[in-house]
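Residue numbers (our numbering), protein chains in the order written: chain W, 5 to 428; chain C, 5 to 428; chain D, 5 to 428; chain F, 5 to 428.
No wet-lab data here; the hints were simulated from the structure. Among the hints, erroneous ones may be present.
A pair counts as met if it fits within one copy or between any two copies, since identical chains are not told apart.
[What the hints assert, rightly or not] Straight-line Cα separation of at most 20 Å, EDC-like style, residue types lysine to aspartate or glutamate; simulated pairs: (1) K215 x E197; (2) K257 x E378; (3) K66 x E134; (4) K308 x D219; (5) K414 x D251; (6) K370 x E425; (7) K66 x E378; (8) K308 x E425.
These figures come from a predicted structure and were not determined experimentally.
There are 4 protein chains.
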Amino acid sequence: MAIEHLAVERLSEHYKSVRSLSEKLASRLQNEDSIIQAMPDVSPPKWHLAHTTWFFERFILKEKNPSYVPYNPQFDYLFNSYYETIGSYHPRHSRGVLSRPSMEEVYDYRKHVNEGILSLLKDYGDHIPEDVEELVEIGLQHEQQHQELLLTDIKYNFSCNPLLPEYVEATLSLQTDLRSLSTYINIDGGLVEIGFTGTGFSFDNERPRHKVWLDSYKLASHPVTNGEYISFIESGGYEQPEHWLSDGWAAVKKEKWKHPLYWRKTEDGWYTFTLTGEKRLNLDEPVCHVSFYEADAFARWSGKRLPTEAEWEHAMASIPIEGNFVESEAYHPVIRESHTRSPIKKAYGDVWEWTSSPYTSYPQSKPLEGALGEYNAKFMCNQMVLRGGSCVTSQSHIRPTYRNFFQADKRWQFSGIRLAEDLS
Amino acid sequence: MAIEHLAVERLSEHYKSVRSLSEKLASRLQNEDSIIQAMPDVSPPKWHLAHTTWFFERFILKEKNPSYVPYNPQFDYLFNSYYETIGSYHPRHSRGVLSRPSMEEVYDYRKHVNEGILSLLKDYGDHIPEDVEELVEIGLQHEQQHQELLLTDIKYNFSCNPLLPEYVEATLSLQTDLRSLSTYINIDGGLVEIGFTGTGFSFDNERPRHKVWLDSYKLASHPVTNGEYISFIESGGYEQPEHWLSDGWAAVKKEKWKHPLYWRKTEDGWYTFTLTGEKRLNLDEPVCHVSFYEADAFARWSGKRLPTEAEWEHAMASIPIEGNFVESEAYHPVIRESHTRSPIKKAYGDVWEWTSSPYTSYPQSKPLEGALGEYNAKFMCNQMVLRGGSCVTSQSHIRPTYRNFFQADKRWQFSGIRLAEDLS
Amino acid sequence: MAIEHLAVERLSEHYKSVRSLSEKLASRLQNEDSIIQAMPDVSPPKWHLAHTTWFFERFILKEKNPSYVPYNPQFDYLFNSYYETIGSYHPRHSRGVLSRPSMEEVYDYRKHVNEGILSLLKDYGDHIPEDVEELVEIGLQHEQQHQELLLTDIKYNFSCNPLLPEYVEATLSLQTDLRSLSTYINIDGGLVEIGFTGTGFSFDNERPRHKVWLDSYKLASHPVTNGEYISFIESGGYEQPEHWLSDGWAAVKKEKWKHPLYWRKTEDGWYTFTLTGEKRLNLDEPVCHVSFYEADAFARWSGKRLPTEAEWEHAMASIPIEGNFVESEAYHPVIRESHTRSPIKKAYGDVWEWTSSPYTSYPQSKPLEGALGEYNAKFMCNQMVLRGGSCVTSQSHIRPTYRNFFQADKRWQFSGIRLAEDLS
Amino acid sequence: MAIEHLAVERLSEHYKSVRSLSEKLASRLQNEDSIIQAMPDVSPPKWHLAHTTWFFERFILKEKNPSYVPYNPQFDYLFNSYYETIGSYHPRHSRGVLSRPSMEEVYDYRKHVNEGILSLLKDYGDHIPEDVEELVEIGLQHEQQHQELLLTDIKYNFSCNPLLPEYVEATLSLQTDLRSLSTYINIDGGLVEIGFTGTGFSFDNERPRHKVWLDSYKLASHPVTNGEYISFIESGGYEQPEHWLSDGWAAVKKEKWKHPLYWRKTEDGWYTFTLTGEKRLNLDEPVCHVSFYEADAFARWSGKRLPTEAEWEHAMASIPIEGNFVESEAYHPVIRESHTRSPIKKAYGDVWEWTSSPYTSYPQSKPLEGALGEYNAKFMCNQMVLRGGSCVTSQSHIRPTYRNFFQADKRWQFSGIRLAEDLS
Ligand SMILES: [Fe+3]
Ligand SMILES: [Fe+3]
Ligand SMILES: [Fe+3]
Ligand SMILES: [Fe+3]
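Using the sequences and the hints given, assemble the complete structure.
Here it is as structure tokens:
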């Protein structure tokens, strides 16, 4: 009992800690910034703040507290993202027209729902039902995902403004370490297992743990750097169709890609836009903001390939989860390495690593029941898996089995490249 | 001399009065509202405030004050609307991404430019050059046009938010008069003259005054009302191609038009969205927010036609400019009539009246020289002329010769219908 | 009576003569060519042949011969172009999918309808009703319009094939005359009349004859030549927004226009694609295949302007209708002039001349009743008037009052430029 | 040696036999049909005939016969499909504008290349190099793929013509067998192998044979029938988002899908368009012309799932390749079953079966070198694998390891559904 009580308290503390990070991240914005949606893929900051709150209201307060009165019944329409089984929702590409509710009102909404959740938890005392605990946990994981998107989307929005605003002032440079040269590590294959098992939170798309046959392979010790990527650019990579998938080449021509998103070439060399404003490109940092198509073309140009997600997970499973996460407040990939003893460096944090694996369900997997079954499963088509978290991911959010996924042409995520190779 | 000095003082007062109205109109908004652009045709309120200021800075301070230091050199790019000869500019459809400069900074920009202009005028003392006076006058007319757009665009933006925000609370109802029935007034034609002549300000597109032959004709005493327009709807007007121009019918099908913009049919009857929120449709008010296509189709269905702009001007030239303008703060067409003795009512204010005339240059017209030649002339294709001003136009802005113009499918302006007929 | 009988005979002969030209023009094609639709604006040759036939079947045989059995009831759907009041029709942009009916069947259809019409005319004997005569006349005028389109569309279709097929072999060169230099002719204005009156056929859009005030003006003696147009290109005309209407400049940038349609620049000079294959551009020929936007920009760059349609008609009304028409079988504008004594040359034939007049209805005009009222009237918006016919127009089809009309961005018509100027 | 000589003869016979089928299939068309491209995904019949010929000319005659003179040098541009490393090519979506070369010329081209290939083979005599043999084999496999597309595309083209032409007259009905009810067969999993090994032709995408872990599973004995699919429709399958992938649901709404492609509901029941014209839907035939999204939604609605391609291949590997192929000349899925003793029926022929596997490269796979490396590998993104061949596939073209692939929204292929299930 005392232990259960402790569990509720720990959950409440966890709740307050995760929720308050959203507000901290948003506090650096002006109200005018809160409503920008510079392309359909991004959401306005205010919308993230309200939608994550609605998630707790709709899936917990409304379901578990019979006397709960919704803050505003129209919010079910405004802040439902894509749960078809819950009802119709405001079109995703039009979130930028919602100047109301104002930021002030959204903060009030957050406060209202926070009070509701904390008081609900308190009421359970030492008998918190497992499904409620699970729902709160999902809600917090969900909020962490949106915290990452909040930063990712602000970066994109700001990059479209010729004034190139800074989200935050740069901290003292963390770029003091020398980058080691990338080497290739031999990994033994065989009939291995991947996927989540054990206690603690995981999403339905990480389960069940299952067998996979892997031929032995080699994995790069480091993610690809800006300097390495520039060699690809300068050797004509963006003009030579032979490196590219057919859809990738079509994207290169249609979008006129010549370099990663946010880069700009001047007479004076390469610059990149960051959350601390535009800055000179550091050649030793991991390359970031490339699409799957670019990652794949770079790999082919290099005579290498991308790892499958099974290869990635099998190699990384035992490496401690350390690195450059959102907690570092760098908001940008760095050179500095964590002091893990593994020969594989930067497995976690810095940049999401594209794998060669399309996002599909695991054998015998079971999506969640009800509307939350829509959380992950319905996106299992036309997307590629990324692994490892980035500099805008919460450290506590990442697991070796964590699967992120985006369409192959997306570049506004903090996405990078780690190469693999067959063992000949 | 004393008179000239007086002229400068009057101009300064006029300047202050017009400029401050923009700020008054914007003061009812929250900062989040200031940056919304719900479709490419509208501009965010903040952009209007900055662009009109830039107009004074760019065309007067930079040209006439050699020591003037621009507030921010990037504003030439951000707040140029479409003057190609001045340089490149931020794409019109992307104005909604400019969360910075903030509203606070824009107000500071306005203050800075206001001080510049007023001090320039003061420096001229009693020798203000004619071209400077003309430029200030153009700048103020320009600001008045954007004040109208500010309200028009806010209305559109707010209408896209399911919360249907009110721009301002409704004042006491002005709807006390009974609407008279529309009659048709015979107007004598012949070889008449239209176009501006004399003193006072006019745009280049209103000049020169020139001869036009008009057959005698009839003009409706009143604009078409909501009630009359509902008869068109209920008789199947939107389903019968025979009333419509080919392009109009294509628009009806593509846009799924079934009624004017902002209308909504409920079991309880018709409602319309206004700057004071959604309200029950008043059948006796002038119909508003129709496209040229709808105006034209309604006229054909009625067995009538729209007047040409020459017919309109010839009939209205001697009617005093009174009516429901922005100064009334109704921000909506009303029933009440001004007490003019003319048998033609509501010639000015309430709603812009579509004419059957494409917007073209007058015989022997000369556009302004330099970049301001782009103000009007380059739009003389694929647009239709509207006349008479509306409930969101400044009274001092309107003249009998004033030509407004929009594409035939635009509906977000306060645009309505007055019918005409051949004399058989 | 004898005279009436003669009228029927003449009408029958006229019918046979016009109808057989369509077949002659199509006889130079292979069956594979008959079904191409290289852009939505053009129609496949076979469709023109069938649609013009359907016009006679639907508006005459079905209406006037109660015992007429339609050749194929589905043809009302397949070959109705745009008559909404007649029923639904196959989408214009999908005419290119109709491989059936085959060419063989379409020729059979033509034969079937020809027999029907000629036998109907014969049955009337000397009492042919006026409306039938009028309908046959409209049908033939309609067929002549489509004969022009047939050639215009074949040219466009062939130009999209890298093999650049010849529609017909070039005849002996007609280009022996020297081109005279263009001069400007003074034309007296005043209260003039334009529009059709008298006997003979005219379209509803040419009526009624009506008064127009014209200031006196100057009109160029010749259409603009390729050589003159090249000066515009070489002086940077396509890179300088100041010459262009706003919509025109948008078209230049979007469509990447750098020269008229069908031109190609090689190291060896300019070439143009014609119905006799690609050939070296003759600098003294009238420029052809320019949009209204290009015509208007060229005029502004020249310090001149385009004439209004009233100016055009007033100046050309008394000039004999001679020139380079489809009967010449050149299918291309030529240098050679007709030997008219008028100082204004090439008023008719060679190239359609863009005017500055939007296409609108004449004062007090009455469209035809019934479905044929859709023939012209419903297109009176967003189009510009062209005058004078071209090298692919039938000579018998043209009148001084004839109004052709196209959207301002269309270039696949044989459209050129004649300049005008104010009399200062 | 005698054996080698025999090999050349056999190859020549095989060449003649495959090539002549294309001409036989095209012989049922009129020349007007040969040039239709009713949507960007399909190619005109004539283009297929020319492109397959170009493939032999370009990859064999030009490479292996130094004295070969190309039939027409422009054909490299016109009939290259997508080989970027060979040079630029005519845009895919514009193949329908190529009325020339005429069908007559294309047949002449085929004859010319056939003579070239056969004479080349003859010249080798008993020393045919392995790579030439391989290239001829690829060319023939390629031609078989295009024969299937030829039929598939004709069907689509004809379906867009309201006259609904028949490609061929229906033969005597083959629909005499009673359809057995579908049952589920248990298949043992384990560490199995899939992929091609051994002698005979295979594409690079089928290699190498490699290990895959499979949990044991159940596979349906029969493909899903029209009758079963109608239950899905009638239970509201197309209106209920819960069955659909997110991208699939978006496609349903955008394309307004309500049933498989080619179906039409009348008061009298369901009809479907076939290569023998429109006919009443037979409820016992395998459902055909569904997208992956529909196959996946149907499976979810059924409480089942689609098999992976490894599950499919593992289960089918030992079943003889018999069934309803193009040789049957039914050109439509049938009820009749082949007399295989396997409990799994209709493994091959009738309909391609969508699997749940995205199309990716096999572990350690090596694409072909040179331009032919583009044949398969560059499409390995955003496509799903289909297995088993269809009623328009050549029987000799199919192998258990054969991988077909299309985007998840494509429906014009002869694609159907076989369900699978986890073993609980
Ligand atoms: Fe979410
Ligand atoms: Fe402006
Ligand atoms: Fe027609
Ligand atoms: Fe091919």
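Taking each numbered hint in turn, which are not upheld by the structure, reported in ascending numerical order? Result: no hint breaks.
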